[in-house]
Each structure stands twice: as structure tokens, then as C-alpha cells.
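Taken in order, these protein sequences are the chains called A and F.
In terms of our numbering, the first sequence is residues -2 to 156.
In terms of our numbering, the second sequence is residues 163 to 882.
Please note: incorrect hints may appear among the correct ones.
[Unchecked claim] Straight-line Cα separation of at most 27 Å, DSSO-like style, residue types lysine-lysine; simulated pairs:
{"id": "1", "chain 1": "F", "residue 1": "K624", "chain 2": "F", "residue 2": "K768"}
{"id": "2", "chain 1": "F", "residue 1": "K825", "chain 2": "A", "residue 2": "K142"}
{"id": "3", "chain 1": "A", "residue 1": "K142", "chain 2": "F", "residue 2": "K624"}
{"id": "4", "chain 1": "F", "residue 1": "K509", "chain 2": "F", "residue 2": "K482"}
{"id": "5", "chain 1": "F", "residue 1": "K768", "chain 2": "A", "residue 2": "K142"}
{"id": "6", "chain 1": "F", "residue 1": "K496", "chain 2": "F", "residue 2": "K706"}
{"id": "7", "chain 1": "F", "residue 1": "K624", "chain 2": "F", "residue 2": "K481"}
{"id": "8", "chain 1": "A", "residue 1": "K152", "chain 2": "F", "residue 2": "K825"}
{"id": "9", "chain 1": "F", "residue 1": "K481", "chain 2": "F", "residue 2": "K464"}
{"id": "10", "chain 1": "A", "residue 1": "K9", "chain 2": "A", "residue 2": "K78"}
{"id": "11", "chain 1": "F", "residue 1": "K537", "chain 2": "F", "residue 2": "K563"}
{"id": "12", "chain 1": "F", "residue 1": "K509", "chain 2": "F", "residue 2": "K481"}
It should be emphasised that the hints constitute simulated quantities derived from the structure, not laboratory data.
Each chain, written out:
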Amino acid sequence: MATGIELEINGKGYLVNYPPDTPLLYVLRDELGLTGTKYGCGEGMCGACTVLIGGTARRSCQIPLGAALSKPITTIEGLEKNGVLDPVQQAFLDAGAFQCAYCTSGMIMSSVSLLEANPHPTTAQIVQSLQGNICRCGTYTRIIKAVQRAAETLKGRSK
Amino acid sequence: MRKAEETFLPEPERYEFRAMPMHQFALGRRDFFKIFGAGIAVFAVAKEVSAMQETAPGPHGFHNEELPEEIGAWLHIGEDGTVTGFAGKAEIGQNVRTSLAQTIADELGVAVASVRMVLADTALTPFDAGTFGSKTIATITPQLRRVAAAARDLLLEKAAREWNVPADRLVAGDGKVSDPATGKSLRYAQLAREAIGARKPPAEDPIKPASEWIVAGTPVPKVDAREFVTGGHRYSTDLRPEGMLYGKILRPPSFNATLISCDDSAAKAMKDVVLVRDGDFTGAAAPTVAAAEAALRSLQVKWKELPQISDQEIFSYLKKNAQPSKEARFRQAKGSVDGGLAEAAHKLDASYTVAYIAHAPLEPRAAVAQWTDGKLTVWMGTQRPFAVRDDLADIFHVSEKNVRVIVPDTGSAYGGKHTSDAGLEAARLAKAAGGRPVKLVWTREEEFTWAYFRPAGVIEVKSGIAADGKLTAWEFHNYHSGMSGIETPYVVANQVTEYHQVPLVLRSGSYRGLAATANHFARETHMDSLAGRASMDPLEFRLKNLAEPRMRAVLETGAKAFGWPRQKSAEGQGFGVAAGYEKGSYVATFAEILVDRKNNSVTVKKLLEVFECGAIVNPDGLRNQVVGAMIQGLGGALFESIQFENGRISNAHFASYRVPRFKDVPEIEAILLDRKDIPSAGAGETPIMAIAPAIGNAFSDATKIRLTKLPLRPELHLQG
Ligand code: FES
Ligand code: FES
Chain A
-2 MATGIELEIN
8 GKGYLVNYPP
18 DTPLLYVLRD
28 ELGLTGTKYG
38 CGEGMCGACT
48 VLIGGTARRS
58 CQIPLGAALS
68 KPITTIEGLE
78 KNGVLDPVQQ
88 AFLDAGAFQC
98 AYCTSGMIMS
108 SVSLLEANPH
118 PTTAQIVQSL
128 QGNICRCGTY
138 TRIIKAVQRA
148 AETLKGRSK
Chain F
163 MRKAEETFLP
173 EPERYEFRAM
183 PMHQFALGRR
193 DFFKIFGAGI
203 AVFAVAKEVS
213 AMQETAPGPH
223 GFHNEELPEE
233 IGAWLHIGED
243 GTVTGFAGKA
253 EIGQNVRTSL
263 AQTIADELGV
273 AVASVRMVLA
283 DTALTPFDAG
293 TFGSKTIATI
303 TPQLRRVAAA
313 ARDLLLEKAA
323 REWNVPADRL
333 VAGDGKVSDP
343 ATGKSLRYAQ
353 LAREAIGARK
363 PPAEDPIKPA
373 SEWIVAGTPV
383 PKVDAREFVT
393 GGHRYSTDLR
403 PEGMLYGKIL
413 RPPSFNATLI
423 SCDDSAAKAM
433 KDVVLVRDGD
443 FTGAAAPTVA
453 AAEAALRSLQ
463 VKWKELPQIS
473 DQEIFSYLKK
483 NAQPSKEARF
493 RQAKGSVDGG
503 LAEAAHKLDA
513 SYTVAYIAHA
523 PLEPRAAVAQ
533 WTDGKLTVWM
543 GTQRPFAVRD
553 DLADIFHVSE
563 KNVRVIVPDT
573 GSAYGGKHTS
583 DAGLEAARLA
593 KAAGGRPVKL
603 VWTREEEFTW
613 AYFRPAGVIE
623 VKSGIAADGK
633 LTAWEFHNYH
643 SGMSGIETPY
653 VVANQVTEYH
663 QVPLVLRSGS
673 YRGLAATANH
683 FARETHMDSL
693 AGRASMDPLE
703 FRLKNLAEPR
713 MRAVLETGAK
723 AFGWPRQKSA
733 EGQGFGVAAG
743 YEKGSYVATF
753 AEILVDRKNN
763 SVTVKKLLEV
773 FECGAIVNPD
783 GLRNQVVGAM
793 IQGLGGALFE
803 SIQFENGRIS
813 NAHFASYRVP
823 RFKDVPEIEA
833 ILLDRKDIPS
843 AGAGETPIMA
853 IAPAIGNAFS
863 DATKIRLTKL
873 PLRPELHLQG
């Protein structure tokens, strides 16, 4: 059976007792109550479960617990700092880039990762890097606008 | 425990799988104030119940004498001035929470942010037949307006008494009643403090006409949007009540398979596992999903499977198995089609098909159920909480009063969350779990397999036009897919329209727009072919045969914005148009595509849509809905189809069932016509209808190849 696995999530340490092949998604949601990360397919095909592992967007449904222990993990719950939303969150809010919003956590996490790697993405680059995220409600055009808006904010900040 | 849920022959308008039972409302006036505190409560009585709840037969009696019958909505103003609106509708991403709050804010004269909406909770909100058919805006909005107006009048009267002045010189707004003559004012909170009581709004309330709306009619962001960008909102799938177990259901390997034997000794021996076997229902609940899955895996099961037809044979099957029309409404006829064909200068017969498609809501079907002292509570993403409550009461033989269904704002539905399935399954498991709540979340594969589909169909059209392009004959037969949007909007003296029922092959039900998408695809594709026969511009041909002014308006507006007729500026370019109306709203769609024969690819470059649904309540929300429907429509138009063979779905995953993604999205322009003189109609469905024919017609414009099947898969038609 499982022995304790140490995880660092949103800056906090957790010790969980799960078999190391358990997908990270289920531990986040069921064990730790971090339900902002969503289940959409469990097959790596929809992006609803996206989290940052070491700053890079990963599909948590495809990451076994054992592979997640060495790097810090950030979930949607970890973006807001002292009551202030991350610029990407704020941009989604301002652009109204959702309907049912079930895809929103995954979209935001993927976008944070994109902007981290590429602070000034072209539309084509945004499309390319979010291609794995499904929004079944079809709010894609607003999501692109939100990412562009967030890029603007970040640009203003780094000056 | 399962009951026969579908009638053998489905209803042509598949909102319902079965008739609605009668309803009773459990909350009395005294309970109401117990829960919400003192203050003012106003209850709206629907004037036209038949119009309000199209599927609910007969009046709904309420138990408690103190509450008026036929309640559609109510409102409470607390002693602290908080305003709470109650409606039975569910929030499924269509932004109803916001537009209803806007409506109340407008009529009552308070800020949107100070209005809280309680939605879709069978213990707290008024009965509602369901959130579908684009009904919310048309039915609940006026009722909430009426209750809010009555509450406002109550506050005005109260202040008038207080100051001993005539009420008609006072004004309500900004959360207070003021007297312009004296400059005095009283906040609603102060006024509500002593005004304990309930009021039924008078039949003729002064309701603001759309031209006087202040908050409604303006773009307002989703009211609780912050919860959604922080991951804080709890969908049904996210709930984790104390002591909760996770459920899993044993699914047959194929549709209609029967269980021959099941050795469950290993599962029974597992610690902490609740195993339930009840007729053809087998499921397990355990402290983790993995443990519940392990229990089901340990079962030694034998099934008897049946050979069943495949997607390859479906269309000939549907034609062959059509039932003679039993109901008069299935067939509409006027004039003589034979006569009309005899007059025609050009005749055209064609046949069209549409595949089964899946809703694939990103939040799968899910429910949490808990039994406490013989009472059942179910949290579930559904469009029909009251119907689910009745199903649960029925199946578990308890009174409706002992069942409460609560709908957390849901990860969308598109017509796909009408049935009780996940709730029934979770409740059955929970019944054996000794008071512990059980959560059941369908996997994506279960979603694609055990939910229901938009039905496949065959449509046959016979038609004739005169030399000048006027329609002389129109005969339209829809097999199986449904009656929505079946009637032609074009003027033709000789016509027959008929819907043919066929027994279900795959489990089928509502889908955004119902059969209107299939019927518009066939009709608008056919109209385009006819325009070709008449050597006329497709738009001109439509306008020539169209009297309906609202449909003309969307077409003409779109033509102007799109620049129709457009000159081709590149090889492989094609332009198409399609239009229609349904459920009180009108749509015209213009498409530009680019065909690249060298690379065997077809790209939709631009979609322009003009949409009109009467007076617009929330332009921002409406635009979001319209664009969303356009993008969703792309999937059904271009590539979505359910494949099946021998009772198994062959593409039950996002890897094999393709849905629109970022790269599929063309340039999109949505033009909303605001008709303040026309009552608001719903907008969630109609914008999807004309996407497929507009794209198909553009493809034909580019290639002279006519596509008659949905999905179009245009790239497959380029070879040779
Ligand atoms: S849930 Fe992980 S990609 Fe869909
Ligand atoms: S907003 Fe519903 S899935 Fe994206």
C-alpha cells in the first residue's frame, strides 16, 4: 500500500497516502478538497484539469502522484494573492470569458503558463497553446481576448 | 429500481420523456418567513399558466391555503434590505442568474449587486417545468417584473402612510423611497422592517415597457463571476459533504444487454464497500473512487448481448421503420402539391440526413444524494429539478415532500440534462449507505454512452418553382429527428409537411434547438439548390419567396453587413447564406469558406449572424449565448457524429468524438437587433440552426458540390 507522499501545493506542504500511480487530479479534488481543478474527461483531452507543475501547464488527470512530488504545484485556488486576483483571472472576469465556466480553471491555468513562457503571444500562439482546452459553451473568442488583455496588464506591470 | 423511462415512440418535441405529474408546493407562508426572516414577500401569480408551463398539464394545486395557486416566482425583501428573488429555473451557463437579477433590480430600483437569486431548489423555489425551450426570458422574466413592481408599490404605500402624503407623489429608486416635495427618504430596509406580510401582486401591475428599462437592456457581467475565476464555485461534481462516499455503477457492455449471472462474493467481502444489487442495477459506493471501481471490477459478470444496427444502416432503417402518422398535428397540408408541381418550371427532389450527436457538456452528469430520516436530498446538475424530484419520489415510494432537489449552477447542459439518471443512481446507492451521502460522477465515456443523443433523421423534400423563381410546391418529410422548425417560413400555396415517428434506436432526447437544426439544414440547403435552378442569387431567391418581415429584416441586415453579393477574391472561396425562425426569434447566417483542393482542406473563414429575439434584456449575455451557439453549431455542421455498432458507441471519447476547439473558430460577427416593441424571447437555441446550411451552401458556391448530410465533412468530398 501507499506510503506518505509529500506534495507542495499553492505554497503549502501536504502529506498524502495514496498509491503513487493515482492521478494527481483525484488527490487534489477528493482528498485535498481543491475542487477548482475540474474533471472533464480523465483522458488528457479536454484541459479542464490543468494545473501548473513547476510553472508549466500539465493535465493533472494524466500525472501520477509519484511524478508530481518534486516540483511545486499551483492550482486555480493558488493564483489569488491576498485577495488580489492574478491578472489572468482578472482578465477573464473583465472579458466575461465564460458561460457555464466549467472550463475556466483549466483555461486560466493554461493561459498563465503560456504568458509565463511567452509574455507577448500572437493570436496564433494563443490558439496553438490552448488547443488542448475544450470550451463546450464556445466562448473561445472571449478567452482569446482575455489572454490578450492579461498580456497587456502584465506588460504594463513589468515596465 | 429502474423504470421504463422512454415511451417506445418518442414525442416529436422531445422535451419530455414522460408526462409531468401534478405538483404540490411544500413551503407554507409561515415556513417562508421562518427561513428568510421577516420582511416583505411578494408572490407572482401567472396570468396564463398554459403559456407559462407548456408541458405541465392542468393547474397545480398548492397545499397551503395561504399561498396563492399558480405561483411562478417570488421575491423577498429582508429587514436588512437584501432582496432575494426566487425562481425554479436552473443556471446552466445561459446566465439566467444575472438576467433575472437585472430584471428585479430594474423594477425595484436597486443595484444589481444587492439582488440575490435563489434558483432551482424544489424546497425553496416555485414549481417550474424545466429550463429548456428558451422559455426563461419569455416566461419568468415578466413574472419577476410583476413581483418586483408589486414590492415597489408596497414600499411606496408604506412610506406614504408613514409621511401621510399621497403615494403617487413619491418615487422609488436607489434602494429608497423619496418624497421630492420634502426631500425626505426612507431606505427599503427601514420600510421592510415592519412590513411583515405577503402580498399577491394585482393582476395589472404597472410594469415598465422595454423602452423604460434602466438596468435591464444593458450589459451586466455574470453576477457571481468572481467565484468562477477563482475555482470557488461548487458544481455538483465538486460537493463533498461530511462522510461522503463515491459511487460507481456497473454498466452493461452494450445497449440492451441483460445480466445472466453475477458473482459478487469478492466485492461483498471488501471492507468499507457498499454494494447494491437491485434488479438490473448494480453499483458500489466506497470511501474512494478507486475502491468503488475495484469492487465493481471484482464482480464475475456474464452478459447476454444482442446484435444491433450500426451507424452505417441507420438511415435506411429509419425510412423503413417509419410508423403511420397517428396524430393530425404531424401532417400539415394546404393546396395541392401535385397541382403545384404541374405548374412548376423547375422541379427538385432531394434527400438529406443528420447523424446522432452528443451534448458532451464539459461537466458530466453528476449527483450527490443523501437520505436522512426517510427524507432524500439530491444535489444535481439538471435542467428539470422538479421532474427529477417527482421521479425520485416515484421510484423510492416516498412523498414528493420528502424529496428535495437542489441544482448548483451547472457546467452546462444544452438540452442534455433533462433526465434523472445520475440522481436516481446516487440515491439508490445512498439508500444503502446508512445515511452517508454518496456522490456519483459519470465518466466521459459514460457521458458519451449512457446519456441521450440528438436523434438522427432522414428528410425528404419535393419541390417546384415557377420560371420567375416563385415556389409552386413544397413537400417536406422528416423521419425521426423531430418537428421543431419543420414548417417552411416561405410563402407557398401548395405544401405538405409531415413528421414520421420511428421507434428509438439510440436513446434520444432534447438538444439545443431540437430538430430545428436538421429541418433548417434540409430546407435551407434545398432552397439554395432551387435558387440555382432558377439562376437566381440565393438571397434574392429567398426574399422573393418571403413575406415574414422579421425574417426579411435579419436577412437584409446581414446582407448589408456581409457585403452580399460578394465578389470572389481568391480561388476556392465560397459564400453561403441560410435563415430561419423558431420560438419567437429570427436568425440569418452568412458564411465564407475557403477550399484548398491541393491540401484537401476546407476552412470556414467567417461566420456572420444576425439575430433578433425581441427586446434584449442583457446584450452582453445575449452576445455570449449567440456566439457560443454559433461555435457549437460548427461542430454539428462540420464533424460531430456518434458512431455505433452492436449497441456500443465506437467514439465515446474526446479523442474520437471531435468537438470544436480554438483552431476551428473562424472570424465571427454577431449582430443583435433589439426590438423594444416586441416581448423578449429566449436566445439559447435559434442561433445554432442556420450554421450548417450556410456553410454547406458556401461549399457549394465554391465547388458546385452539394452536401446533403450532417455532419458535412466537406474535405471528404474533394477527391477526384
Ligand atoms: S480531465 Fe484531464 S484533460 Fe480532461
Ligand atoms: S464556459 Fe462552459 S465549457 Fe467553457
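Q: Decide if the proposed pair is consistent with the structure: K509(F) and K481(F), CA atoms, cutoff 27 Å inclusive.
A: 23 Å, holds
Q: Please work out if K537(F) and K563(F) have their alpha carbons no farther apart than 27 Å.
A: Roughly 9 Å separates the two Cα atoms, so the pair holds.
**Q.** Distance restraint between K825(F) and K142(A), which requires alpha-carbon spacing of 27 Å or less
**A.** Answer holds: K825(F) to K142(A) is near 15 Å, not above 27 Å.
**Q.** 27 Å Cα cutoff - pair K624(F), K768(F)
**A.** 31 Å, violated
Q.
For a C-alpha distance cap of 27 Å, please report whether K624(F) and K481(F) respect it.
A. 16 Å, holds
Q | Hint consistency between K142(A) and K624(F) [alpha-carbon to alpha-carbon, up to 27 Å] | A | 46 Å, violated
Q) Taken at face value, is the distance from the CA of K464(F) to the CA of K481(F) at most 27 Å? A) 35 Å, violated
Q) Do the alpha carbons of K152(A) and K825(F) lie within 27 Å of each other, as the hint requires? A) 26 Å, holds
**Q.** Proposed proximity, K78(A) with K9(A) (alpha carbon, max 27 Å)
**A.** 14 Å, holds
Q: Starting from K768(F), check that the Cα of K142(A) is at most 27 Å away, please.
A: Distance ~18 Å between K768(F) and K142(A) Cα, so the pair holds.
Q: Take the C-alpha atoms of K496(F) and K706(F), compute the straight-line distance between them, and say whether it is at most 27 Å.
A: With a Cα-Cα distance of about 20 Å, the restraint between K496(F) and K706(F) holds, given a limit of 27 Å.
Q: For the pair we were handed, K509(F) and K482(F), check the Cα-Cα distance against 27 Å.
A: 25 Å, holds
In terms of the numbered hints stated before, the structure departs from hints 1, 3, 9, listed from lowest to highest.
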